[in-house]
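Q: What follows is each chain in one-letter form.
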Amino acid sequence: EDKVVQSPLSLVVHEGDTVTLNCSYEVTNFRSLLWYKQEKKAPTFLFMLTSSGIEKKSGRLSSILDKKELFSILNITATQTGDSAIYLCARNSGGSNYKLTFGKGTLLTVNP
Amino acid sequence: SAVISQKPSRDICQRGTSLTIQCQVDSQVTMMFWYRQQPGQSLTLIATANQGSEATYESGFVIDKFPISRPNLTFSTLTVSNMSPEDSSIYLCSVEGFRDYGNIQYFGAGTRLSVL
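Chains as they are written, first to last, in the numbering used here: chain A, 175 to 286; chain B, 19 to 134.
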């Protein structure tokens with residue numbers, strides 16, 4: 175089945191904490207897994223992962239993919255209030271239409 | 019990255035009316051996508067719109083309810099027809115892009131629709 179499952183659905187932390195967000199997917203066809211940050215309305219691109227075990231890093235954010243176990247994690251270290259957002263992961267199944275299937279997202283709230 | 023403008027940013031509409039949402043991108047793109055995000059839910063793909071061909075609709079979405087136009091490589095419209103309160107959602111368009119040696123999508127800021 176074409177499903178993307180994220181956990182937890184919501185998370186409340188204090189500034190400075192480290193968080194790990196999870197994304198698992200069920201599919202036989204796979205091209206890549208993408209992470210987006212959604213503040214207010216427009217999702218903004220964070221990472222694209224295609225290969226297992228290779229960490230992508232951008233500042234305090236990092237992400238890694240496990241294609242054998244079909245999951246990805248997004249880590250945020252030293253969280254700040256500006257990290258408060260919905261974090262979405264999406265699977266690209268490939269093919270000619272680059273269709274993305276999104277999970278429900280993790281609502282992260284970082285309190286001062 | 020592509021710059022995507024969506025109009026209107028929000029609207030409040032009456033039941034039974036229709037609303038057309040516009041999506042303009044600052045560069046030519048082959049594929050544009052329309053998504054719906056219902057309250058508390060994730061993004062669900064409505065249809066894929068390629069210039070010069072009919073839009074391809076996902077299961078559960080039909081052309082009569084969500085007609086799409088794609089007159090050129092930088093513009094598309096989505097119409098939400100005969101609206102009901104269940105159509106209250108954020109509607110987003112996106113375009114294909116290329117980052118990190120792979121295909122991604124860039125999103126517009128969305129249209130927040132409330133149907134009374």
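Errors might be hidden in some of the hints.
Stated by the list, open to error - SDA-like mimics (lysine to any residue), calculated; alpha carbons at most 20 Å apart, straight line:
| id | chain 1 | residue 1 | chain 2 | residue 2 |
| --- | --- | --- | --- | --- |
| 1 | A | K230 | B | E76 |
| 2 | A | K278 | B | P57 |
| 3 | A | K215 | B | R130 |
| 4 | A | K211 | B | F116 |
| 5 | A | K214 | B | D29 |
| 6 | A | K273 | B | E114 |
| 7 | A | K215 | B | Q69 |
| 8 | A | K177 | B | G78 |
| 9 | A | K278 | B | E76 |
| 10 | A | K214 | B | F116 |
| 11 | A | K215 | B | G58 |
| 12 | A | K215 | B | S106 |
| 13 | A | K230 | B | F116 |
| 14 | A | K211 | B | S19 |
| 15 | A | K278 | A | E200 |
| 16 | A | K177 | B | A20 |
| 17 | A | K215 | B | S107 |
| 18 | A | K273 | B | A20 |
| 19 | A | K278 | B | Y124 |
| 20 | A | K215 | B | D118 |
| 21 | A | K273 | B | D29 |
| 22 | A | K177 | B | D118 |
| 23 | A | K278 | B | Q69 |
| 24 | A | K177 | B | S23 |
| 25 | A | K214 | B | G78 |
| 26 | A | K211 | B | G78 |
| 27 | A | K211 | B | E76 |
| 28 | A | K273 | B | D118 |
| 29 | A | K211 | B | Q56 |
| 30 | A | K214 | B | D118 |
| 31 | A | K214 | B | E76 |
| 32 | A | K278 | B | G78 |
In short, the hints are calculated from the structure, not lab data.
Q: I'd like to know which numbered hints this structure contradicts. Please list them from smallest to largest.
A: Violated hints: 1, 7, 10, 16, 20, 21, 22, 23, 24, 25, 26, 27, 30, 31; rest satisfied.
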